[in-house]
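Enquirer: Please assemble the complex out of the two chains, which come individually in their own frames, going by the hints.
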Amino acid sequence: MILTMTFDTPADKSRFEEIYETYKFLMMKVAYGVLQDRFLAEDAVHNAFVNISGKMAQLENMDETGIKRYLIVVTKNAAIDIWRKRKIRSEKEVEFDAAGEERLSMTGTESSVDNEILDAFQRLPDIYRDVFLLKYAHCLENDQIAGALKISESTVRQRIARGKVLLKKELEELNGRGN
Amino acid sequence: MANENLVITDEWLYQTMPLIDQALLEKIEGEVDYEYEFSDQFERKMRKLIVRERRLRFWYGLSGRTRRAAAIAGIVTASLLLATMSVQAYRSHFFETIKTAWEDSTLYTYLVGENGESESDEFQAMVPKAIPQGYKIVEETKGELRYSLLYENDRKEMLDWNQEKVTDALSIVMDTGYDWERIVEKGGRDVTIHGYSDGYKAVYYEYETYIFTIYADNVEISDILAMLPD
Chain H
1 MILTMTFDTP ADKSRFEEIY ETYKFLMMKV AYGVLQDRFL AEDAVHNAFV NISGKMAQLE
61 NMDETGIKRY LIVVTKNAAI DIWRKRKIRS EKEVEFDAAG EERLSMTGTE SSVDNEILDA
121 FQRLPDIYRD VFLLKYAHCL ENDQIAGALK ISESTVRQRI ARGKVLLKKE LEELNGRGN
Chain S
180 MANENLVITD EWLYQTMPLI DQALLEKIEG EVDYEYEFSD QFERKMRKLI VRERRLRFWY
240 GLSGRTRRAA AIAGIVTASL LLATMSVQAY RSHFFETIKT AWEDSTLYTY LVGENGESES
300 DEFQAMVPKA IPQGYKIVEE TKGELRYSLL YENDRKEMLD WNQEKVTDAL SIVMDTGYDW
360 ERIVEKGGRD VTIHGYSDGY KAVYYEYETY IFTIYADNVE ISDILAMLPD
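The listed protein sequences derive, respectively, from chains H and S.
1 is the number of the first residue of the first sequence in our numbering; add one for each residue after it.
180 is the number of the first residue of the second sequence in our numbering; add one for each residue after it.
Just chain S, same shape as in the assembly (with noise of 0.2 Å):
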């Protein structure tokens, strides 16, 4: 390149990323180890990610009018997928839930109306009242209307804590692989929580205008509800 009058201009960067971009990317492609082996924990984390885009994808390729008729009827079945899907509605103080049970899994879906928008808009994140023995916090994440921790303790025991605002835009996908599921009253209120065999638990809680879901490698039912609010 001539270095008078060097002007860098948009027609030649067109002309010359896509060539630069072609020898970065063989240059990384060569080293990529293609044998490497996923941890369970990550394998498992994704399959429940691919669940729910899967899942979001058909319910939102439905109109509002079909999504809510599903919600009031009880059943739907997609034919190519050979699946059934039944659909519950219940509604709490601030918000209806829409709880669609698939072969595989269960999507949580909000509707907030106007009777049912909390005082405050205004997001209030809150820690877990209790925190199981030997877990520190390795991570926290906060949003506008999400509030995420990550605790580990000494063995590399994974707790992740997550607060959610109820919008019409939430959902909530759980996995329905489990082993046992459990229902406990907490303050009058519902706590759903799936079990494993490896000690995997997943936990389901709607509180106010909020739901919070943990996953716990391995911690006690006792410990869970003295995380949760009341």
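Next comes chain H alone, as it looks inside the complex (with noise of 0.2 Å):
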């Protein structure tokens, strides 16, 4: 017995689809300023639109700036992930420009943030800045953040705590010179 039946389904491009065209060299960029080398950015920027297209309904409510944010975390991870199991260069160095925001200096930006505050974050170890951002930011939940970063909720609750008290101590520490 041979039954044919219908569906209505969309014709146009996914929205994966559209991410993927739209962010793959930004993601590109967060990926080489990991590892430094092409190819391996290249399986980096694969690797995280392998984690995204399992969590698209997160990305539905998002505007564009939390999409690149999160896009950018998530390719960041998977670029260290390959680092990782490479091991190609010392810790430190990920550490340092993991993903192309080396120290911003506001001269020139047109942002209205405050300089002491955007250096005090910037002086935040990576791990600390991603959860801020992404929670702050973005209004992820924890269990979001904790998909995106392949971590698990208590710790994302640890980062969130431990990085008030590094952001308190720096802009104390900033402050402090300033006067």
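Wrong hints could be hidden among the right ones.
To be verified - Calculated pairs, DSS-like style, for lysine-lysine (alpha carbon to alpha carbon, straight line, at most 30 Å):
| hint | chain 1 | residue 1 | chain 2 | residue 2 |
| --- | --- | --- | --- | --- |
| 1 | S | K365 | H | K150 |
| 2 | S | K335 | H | K85 |
| 3 | S | K206 | H | K169 |
Claimed, not checked - Cβ-to-Cβ under 10 Å is the rule here; a few derived chain H residues that face chain S:
| hint | residue |
| --- | --- |
| 4 | S14 |
| 5 | F16 |
| 6 | G33 |
| 7 | Q36 |
| 8 | R38 |
| 9 | D43 |
| 10 | M56 |
| 11 | R69 |
| 12 | R123 |
| 13 | I127 |
| 14 | Y136 |
| 15 | G147 |
| 16 | R157 |
| 17 | L167 |
Read the hints as simulated data drawn from the structure, not as lab findings.
Virtual Cβ for every residue (Gly too), placed ideally from N, Cα, C.
Expert: As structure tokens, then:
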């Protein structure tokens, strides 16, 4: 017996495909910043998309900035995974400029954020910065952050708590230096 | 920010972090190379992933009853995609395989019934029985249900070995843009090999409670067969 069934399915590009075409260059820049090798960086971008393909629902309600930040974090994580497996550079080097987010001078930028706060934030280790940005800039829940970073929710909570202490310390130090 | 009684509150962070993020994103985006040409290997892997995501979204968008009916019935037409999807089901000793053929890919999904459970649920990672000459391992990934090994030779040709435990949630997509297909027997089981004009090969093999897939830039069929368990 042969039965024919008809379904309505979207003929347009999938959201996943749109994200791929729009942000693959940004993700490549992030991955290359960690790995300094174009083929390994491509592997990292691919692995990041494998991770994202199972979590597309999370991106549905995000604005463009939120999507960019999410992709940057997932890509950076994928790149660091590859780096750890291959051990091609020292951990210290990865900590610095992991996503091309090296110390950013506010001179010449249009951002309205206080220079001192930005400076203090950038002194935080990468692991705290990513969690802070996903949670407080893009309102992701702890379980969503855990999924993006492939860590447990309790680790997310610890990083938030510890990150606040570190940020306070950095701000106090900068402020003390300025006085 | 005042130094006195400094408290990092959630409210302050919710106000401040979006501004910090915007500044950081502006910096990164200014350094992105939009002219970068991705390698053919990357584009091929991504095309495969995009097709897989699209197919799975559609397939799992159907109700379980519809999927079962499609598996039994034979042909499904996705009208707006103008795509015909033929569905074939077959049963191995441990599980039932639903093979859904689209115009550009084949989706494998699985039904593991109570009678089809393996004697041991423990995942047993298997390495290739033999490795083609000149290949060295560059990456090993071990998960609860998946084991993969990546090999590379001196000519930078890659060999990707994947072993996955069959579950109801497992899905595998094989591209059908190949130039030839060969089905070879190994220990009484079928090994499906898809070949491309540039030497690239994709392999699908069901063994006990596992699916093995191999993707290789340039290996002989005899090497592939020597790798697989029987």
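Enquirer: Any hints from earlier that this structure breaks? Give me their numbers in increasing order, please.
Expert: 1, 7, 12, 13, 15 and 16
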